[in-house]
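Each chain, written out:
There are 2 protein chains.
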Amino acid sequence: MEETFVPFRGIKNDLHGRLLCYKQDWTSGIKAGFRILAPTTYIFFASAIPVISFGEQLERNTDGILTAVQTLASTAICGIIHSIIGGQPLLILGVAEPTVIMYTFMFNFAKQRPDLGPGLFLAWTGWVCVWTAILLFLLAILGACSIINRFTRLAGELFGMLIAMLFMQQAIKGLVEEFRVPERDNPHLTEFMPSWRFANGMFALVLSFGLLLTALRSRKARSWRYGTGWLRSLIADYGVPIMVVVWTAVSYIPSESVPKGIPRRLVSPNPWSPGAYQNWTVIKDMLNVPVIYILGAFVPATMIAVLYYFDHSVASQLAQQKEFNLRKPSSFHYDLLLLGFLTLMCGLVGIPPSNGVIPQSPMHTKSLATLKHQLLRNKLVTTARKSMQKNSSLGQLYGNMQEAYQQMQTPLIYQEPSARQGLKELKESTIQLASSMGHIDAPIDETVFDVEKEIDDLLPVEVKEQRVSNLLQATMVGGCVAAMPVLRMIPTSVLWGYFAYMAIESLPGNQFWERILLLFTAPSRRYKVLEDYHATFVETVPFKSIVAFTTFQTLYLLACFGITWVPIAGLLFPLLIMLLVPVRQYILSKFFKGVHLQDLDAADYEESPAVPFHLPMEGEFGSRPSHAESGEILDEMITRSRGEVKRINSPKITSSTATPIRDTKLLQSPRISEKAYSPQIGKLRGQQSPLSGGRGPFSPRTGEPKPSNLGTSPRISTPND
Amino acid sequence: MEETFVPFRGIKNDLHGRLLCYKQDWTSGIKAGFRILAPTTYIFFASAIPVISFGEQLERNTDGILTAVQTLASTAICGIIHSIIGGQPLLILGVAEPTVIMYTFMFNFAKQRPDLGPGLFLAWTGWVCVWTAILLFLLAILGACSIINRFTRLAGELFGMLIAMLFMQQAIKGLVEEFRVPERDNPHLTEFMPSWRFANGMFALVLSFGLLLTALRSRKARSWRYGTGWLRSLIADYGVPIMVVVWTAVSYIPSESVPKGIPRRLVSPNPWSPGAYQNWTVIKDMLNVPVIYILGAFVPATMIAVLYYFDHSVASQLAQQKEFNLRKPSSFHYDLLLLGFLTLMCGLVGIPPSNGVIPQSPMHTKSLATLKHQLLRNKLVTTARKSMQKNSSLGQLYGNMQEAYQQMQTPLIYQEPSARQGLKELKESTIQLASSMGHIDAPIDETVFDVEKEIDDLLPVEVKEQRVSNLLQATMVGGCVAAMPVLRMIPTSVLWGYFAYMAIESLPGNQFWERILLLFTAPSRRYKVLEDYHATFVETVPFKSIVAFTTFQTLYLLACFGITWVPIAGLLFPLLIMLLVPVRQYILSKFFKGVHLQDLDAADYEESPAVPFHLPMEGEFGSRPSHAESGEILDEMITRSRGEVKRINSPKITSSTATPIRDTKLLQSPRISEKAYSPQIGKLRGQQSPLSGGRGPFSPRTGEPKPSNLGTSPRISTPND
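These protein sequence lines map, in sequence, to chains E and G. Counting in the working numbering, the first sequence runs without a single skipped number right up to 891 at its last residue. Counting in the working numbering, the second sequence runs without a single skipped number right up to 891 at its last residue.
Simulated from the structure, these hints should not be mistaken for laboratory data. Check before you lean on any hint, since a few could be wrong.
[Claimed, not checked] Computed footprint of chain E on chain G; a stretch qualifies when at least three of its residues, placed anywhere within it, have a C-beta under 8 Å from a C-beta of chain E: (1) 194-207; (2) 391-401.
[Stated by the list, open to error] Derived pair list, reagent style DSS-like, types lysine-lysine, alpha-carbon separation capped at 30 Å: (3) E:343 / G:430; (4) E:714 / E:201; (5) E:390 / G:549; (6) G:430 / E:430; (7) E:430 / G:343; (8) E:760 / E:714; (9) G:560 / G:201; (10) G:549 / G:390; (11) E:201 / E:430; (12) E:549 / E:390; (13) E:390 / E:430; (14) G:281 / G:201.
Each residue gets a CB set at the ideal place from its N, CA and C atoms; glycine is no exception.
Take these sequences, add in the hints, and give me the full structure.
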């Protein structure tokens, strides 16, 4: 993306690009049929459960003025609008933790002012949203998203860690609260006797840790050894919501012997109860706000605008990472403009605004990649089986499969020519296999060609880019408002467990987190980090520099986290994160060597040293996952390597290729590998840094051909565990 | 071991063999210095904690007549005597769960008889012990242990599973009990109010699951990625007792807000309190027992004798498995005789008798193998480094190391000549490495020869066979009696967690358990079982036969477990287990093919089919663990493969050897491997079935040379995870 600040140009480009594929966005989603429900449900739960928890949190913090009804409504309305007229339909909108923090700051401020008070709080936030919307319009129109390539890994991952810390903080606070008498409740109730309070707290510990541990387990179900494939897939896809239901059921087991208030459950008014609609008419009160506060609203508005600009763009960026091989264009400018309108709307009806959320947005893309993989795989397997029944030779088989593959491709002007060559690698690999078995011209059958496995291994990552899943999940979130009586059955302690789960789940793949762990890793075991993660820096950057860089980042994170605790100045925390962008560009580059900085935090605006590069033939590597199943491959790749495609040639021998002796040796003995490996690292640096902007998902898809994702995209290999 | 039933011959042989190494049993242990404390402490905790729990259990079951004081005293006294004058010092004695069950049955019987009652219960058990001792004397003298080779894996593993189920049952029962009012307590105390009872139960859940999960984690500390080596070793060695301390400390956190009785803690009288010595004078009461009951005591006595004969021998057998490469002789007959005396003694002083315990006995051997490994390794590393400093050539280095290795060997007449060749493999491997690097005659240094790693990988498993650790741990158990005020700080819920931990820890390596899991494994993932376990049967036996065999074994296990629930007939459960020996020999062989039965449950008395065998050169395989550390190798090998040395050549490339292409291929594609692999399986079958008796640890070590454990013992390879 060029750094252009000509007004409206970015928005125009975005609109032009997205309009061209708008119809296909719908037809493609509808064609997927009922299968679209898997990613939809997955994202619905990932979106709804935190939003309900945030509602619970907001209710405590705003003395009940805002509740889960309002957060759900905002998420649903903004989500539906964005999925229909938004630019990038992979982006998921929702009320996020930073918004809750900002609203809490604003409530605490308003409460203390006699001429504002809780009564005019929502009206005042209406004005804040008006100012925020104006600022967002300006940012969008002036092309502020052009500089998004300056948001390096450093800032993005720090923000991700901050979100994780806020989630975890809420989990711990919530659990501690379970041992206390809630502020707004009558302390003379039976359930607030010391004995029952203690019992409630202990029960909360059991429920929340139960949810946390089982949810973490269930996410790994695809690699379980037990149970049939569909059961494992079901648990992996729906395990977390299933566990919420299970632990809610568990919470009812001792119902006979304990008072009704134990364990504590969600408190939220029914949307049809009187008073629940108060906030919807807030626009009437807006003119009652004193002028000084209308003007003063500009201060929090700048913070929220900075926050949304950053959060929305980074969420969108993470949902469109290079590894996903997206075909359709990005839409940063236009989406920011739309966010301005959505914020305005939310402010005027007195509900907290929604913005693009992490980690749900990348989770959405990932689940759609799994869907596309399954669709492609089923089609190709059927084709291959049919061909084999007709005693086709290898050439015919390949031809048929290629034809089927082409039919599945999105017919877009954005599609690069090289992708049309499709399945080239599959052909090569199959020929290699067949010739090694002496079957090159003979009809082939499944003893030679293990259809499902071969296809599974070779399919490139592609994403089912459409609007249906986003629309459906947002609608389902809206349905939650009506389902409030059911939602109130969920114990609050289960929500705290879910918060902890979200925090922990967001860590793998965050290189900042991995570097923190590296500091505590025994020197003799550091090579293992290289095996597991996309951590080429372990080899190329001196350990001292890694320590210094990580320590700086950790201190900065703690400063950001610390400032959220400061009563009013806490409002400034988004500024601190944005400040990291110039700090990275102008200050860090003075303390660290360019080469090291490039490995630790690749920035597109810095020159990466030119290194001669010879990519080994794919066949030579043979580093394809062999026994993994489709979901596992994707899990492995996308969860763990949010940043960089893992390029580790684990010592894996597949049935069709030679042993990767040379490469595994490089890997096993880091001493030797440094020299031999670095050329590839040079290449990786240039190609695969997702947060480095321009060459990432934000490459000009509008004209320039994108490198083929079949021919040259690096293969992913998973350790055989 | 020959099946000889000439009276006293077995005892004489045992005594002869053990007397020859008696002095060395002490000197060797003392020479090990303070390092002996690691296995000692490890076994002390593994021994003391269950014994305390059993004491707690007995106290509930016998209305306080027997307590932890008595179980600890029995374990300590029997342990000290056995460690000094016992035959096999690797065998750990203790009061075991079956003994507790038998005593519970006997108490329930005695309580209901008006002419016996709780008052004469101990006197009556005195008579039971007298009869038991007489039966054990007869069994020992007549050479009943000669048929121990008929105790196949089937019976041994079923017994192990039964013990695990009993442990788990106690854990669950105990936890449920935490929600109720204890029978003997005053139900009007504050802590038994419904609210506090509920709170106590929930707190118990937190403490017991906390202990269970952290203990399971800490045992794997050696393979953790974080922390320094000594810290990881410390946690792996002492993690479980540390966790008992930690969770006991946690139980004191809410002490201010809760009544004193929450959480519930161990109840046991101080040994110095009045009445605690009542049982020691039980011999006075023995003549008050009516004659009919003195004679009737013979019935439980036969059951206990059968139980002890089986339990003691199997525990001893498991402590002397083939893989441990023991040098000193076994002593089944003499140990059974001594057990008779110990039972008699315990009966006369009114304490429950001790016998050889599972899983503590094999744990003891394993911890001593780790110790010996460390000692050998340190010695050889020092020697090698010294040699290298003098610029020795490879030949000199090897010579020096061989000399050092010989010095560490036990100078026994039992030592087989081939072991004197020592380190042959190390020499070969080093020469191969050096020649590949072109260094064959030049002085070598650490760049060529990674001393610690090479030695670590090549050292054979050897065990520090001595009496000191057993004596010390038994003495420490005795010390627990004095430390009763400290022990009473442990919450009962922590003990229930420990029970669950013991049950779960005893499962890996139990092939019966692994087969049960296999039934629930998805067909496409069954090959993974082959990768992880010593499960050659997965390849050689049709799945239907595995299912049938496992189902039979499971039903039999459930029958054994079920019978322990039956009020009086439950006494007969040892008979049911012993019955499995003839069932296996005469009935199962009619339903299963001999070859399959041999793979599922190798029995020495059955002919195994002769298969031609060509063992590939060790160098050709190159299947040595590369990055694992010493403890990990041992953990891997001994924990997981209690039965069979794992012979899986995982695709591992070490720096010194070529890639094991052929073998990994065999492993990765089970379809192909069946034919190519079976010759090796034939060999394995003959060589490595530990429970198959004669060729296992019970081989006649007294004269016949044992195959060298350096030259031909199969190498162990660990998957690189």
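Hint-by-hint comparison with the structure:
1. 194-207: With 0 residues in contact (Cβ-Cβ under 8 Å with chain E), the coverage given for the stretch 194-207 of chain G is violated.
2. 391-401: holds (count 5)
3. E:343 / G:430: Between residue 343 of chain E and residue 430 of chain G the Cα gap is close to 27 Å, so the pair holds against 30 Å.
4. E:714 / E:201: Not OK: residue 714 of chain E and residue 201 of chain E at ~54 Å, beyond 30 Å, violated.
5. E:390 / G:549: The given pair, whose Cα atoms are some 44 Å apart, is violated under the 30 Å limit.
6. G:430 / E:430: holds (27 Å)
7. E:430 / G:343: Holds: residue 430 of chain E and residue 343 of chain G sit about 27 Å apart, inside 30 Å.
8. E:760 / E:714: holds (16 Å)
9. G:560 / G:201: holds (29 Å)
10. G:549 / G:390: With Cα atoms ~27 Å apart, residue 549 of chain G and residue 390 of chain G stay inside 30 Å; holds.
11. E:201 / E:430: Answer violated: residue 201 of chain E to residue 430 of chain E is near 48 Å, above 30 Å.
12. E:549 / E:390: With Cα atoms ~27 Å apart, residue 549 of chain E and residue 390 of chain E stay inside 30 Å; holds.
13. E:390 / E:430: Violated - the C-alpha atoms of residue 430 of chain E and residue 390 of chain E are around 36 Å apart, more than 30 Å.
14. G:281 / G:201: violated (52 Å)
This entry does not satisfy hints 1, 4, 5, 11, 13 and 14, going by the numbered hints stated previously.
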